[in-house]
Amino acid sequence: MAESPRATSGHDRAPPRIRVHALSVRYGDHLALDRVDLSVAAGEVVVLLGESGSGKTTLLRAIAGFTEPTAGRIHLGSTDVTDAPPHARGLGLVVQNYALFPHLRVAENVAFGLRARKRPRPQIERTVARFLEMTGMASHARRYPHELSGGQQQRVAIARALAIEPPALLLDEPLSALDAPLRADMLDELRRLHAELPQTAIVYVTHDQTEAIAIGHRIVLLNAGRIVADGVPRDLHDTPPNRYTAEFFGQANLLPVRVLEGTADARADRNRIAARIADRTIWARGSADAPRSGAALLCVRPHDLRIEETQAQTPDGNHLDGIVRSAQWLGATQRVVVEAGPSTIRVDRPASEALPTPGARVRVSFSADCAVVLADR
Amino acid sequence: MGRAHRLSRALVASVPLVVLGVIFLYPFALLAVEAFARPGGGYGFGTFAAILAGHAFRDALFATLRIALTATATCLVLGSALALLIRFVAFPGARALGRLVDVYLAFPSFLVALSLTFLYGNSGLVRSLWTSALGLPAVDASRSFLYGFWGVVLAEVTYYTPFVMRPVLAALEVIDRAQLEVASGLGERPWGVLRRVVFPELVPALIAGGSLCLLLTMNEFGIILVMGVKDVITLPMMIYGKAIDEFDYPAASAVAICNVALSLGLNFTYRQSLERAPR
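From first to last, the protein sequence lines stand for chains G and W. The first sequence stops at residue 376 when you use numbering that gives the first Met the number 0, and every number in between is there. The second sequence stops at residue 278 when you use numbering that gives the first Met the number 0, and every number in between is there.
Incorrect hints may have been included.
Said to hold, decoys possible - Not close to chain W: a few residues of chain G, all C-beta gaps over 10 angstroms, as computed: (1) Pro84; (2) Leu99; (3) Pro232.
Stated by the list, open to error - Covered stretches of chain W, as calculated for chain G (at least 3 residues, CB under 8 angstroms): (4) 172-184; (5) 194-200.
Said to hold, decoys possible - Partial chain W-side listing against chain G, Cβ under 10 angstroms, derived: (6) Ala55; (7) Asp58; (8) Arg188; (9) Pro189.
Hints in this document: simulated from the structure, not taken from any laboratory. The C-beta atom is built at its ideal place from N, Cα and C for all residues, glycine as well.
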């Protein structure tokens, strides 16, 4: 499993900031988290990604201390905090609806955690000023929350969480209440803040894969209370370990294939697997636990496919012949749907190319580097 | 059509005014006339001066304020505590208890007084247990705490506490749980969260509930009458005494005018403070 470069450089001996071991959470009959393991190093940004009900928020709330685990342990640094109340854990928390204290001014909101810790007044003032400056809210210090826009409120919420200088910052869908352009700005802002506080570990919960890819050093994908994938965003995208991951990231085409036994590593230079689809043999990379024979899935992203003349030569001989079902112009790209035997294939092409006519016979080709064979589960 | 329409509108609008005049303003005017009338004819402040100068009025005013303030303060503390328990301590039946508060508000106040006399009164449950079950010497009934200041306060607290609980529960309902979680995540202990986050957001509800309590306890009459308290004379009791026992209508009217002025003043202060309360 890949680690972020920041996490491994120079902190090898320090215990991880957060370590979750075999954590389960049960609500009545419903198992919200099923023996989950997670480790977050200093300076690392880990995204907990999943649909609603996947257990991502439950995991975050268990780390924060608001949800009592049924089994398993949680460590912060070298301290076991499984049974510690939230106020004893010292983690910064930012939630979707900001949850600013409405009766307190911006500066008082940011000072809240420091006052709870009984810090001396001059120190509180210095720290509050520093974090208001860092989040660009210094000029709004005397305002009340209801006088601020959503984006400004979220900046204050982030400043308030950072002011206690927590070892780890927990963000629960922090941008979901903002509209799209503002969300992109805030993502940039979060990345910049993290660059200023490179030691702070961040656990970021979201259901949005774009956000996850934009901010995560590592993405932990959850489904039905279990971790289904854990890795660097690029790896999860390019070489998804399983069907769920492939579908979650970027609407991959998943075509049923039969792996030809004994073809793994057949070409000595690269890890290549041969598989049968329709009446053709195609070549693709294999994911970590791809089956060595029998039924599997071929995963190809829509933008990695090309549409060619029916007689065109293709590298690796990787192609499928089919009939164009539909072709739609989408601005920057066009989406072509091709029916090839039992499979329906989505192809995204640059809008500059000529739009194919529905009913036309075409050849869909792809490079073996862009195709991955993975287990069907 | 336009004129007929305007006429019918004017008629409709005048109905509530006429009703208000007949059932509220007219009796009130009679009261004022009675209070300001001189015995020999004409009007003046004679009756007022006599009443205000007397010990009886000052004692009654003092007793009224003392009971109302003590009862209101107790209601605020008890009502907030109960509302917090119902909202935050997940005990079985908490929600049902919250709804019961609404039902309780519909009870007449003297029923509470009556039930208290069954409990603590002359032949009440506590007294019979005291003498028969515990074999202790009988205590003079008239010296039961129920027949004095604390009895009235107890009865009023029992009856008016829900008047504080209702708005406090409503205010607690709209406090975002995420705020409480963020506060404890920031390192604040449960008491600190209560003091620094919950309480400030309850201030408008406490002002509303407390003012209502103060207003109602100042004008409380049924409880004191039903309990038959001898030595506690409040303004409403004084009005009752003057009018019914002594047939001194001018004096009763003068005291009533003072009572109304006190209530209106309080109502005004309450509205002012509610407007200034933080949102």
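Against the structure, the hints:
{"no.": "1", "hint": "Pro84", "verdict": "7 angstroms, violated"}
{"no.": "2", "hint": "Leu99", "verdict": "8 angstroms, violated"}
{"no.": "3", "hint": "Pro232", "verdict": "27 angstroms, holds"}
{"no.": "4", "hint": "172-184", "verdict": "holds (count 8)"}
{"no.": "5", "hint": "194-200", "verdict": "holds (count 4)"}
{"no.": "6", "hint": "Ala55", "verdict": "46 angstroms, violated"}
{"no.": "7", "hint": "Asp58", "verdict": "42 angstroms, violated"}
{"no.": "8", "hint": "Arg188", "verdict": "5 angstroms, holds"}
{"no.": "9", "hint": "Pro189", "verdict": "8 angstroms, holds"}
Hints 1, 2, 6, 7, counting from the list given before, are not met by this structure.
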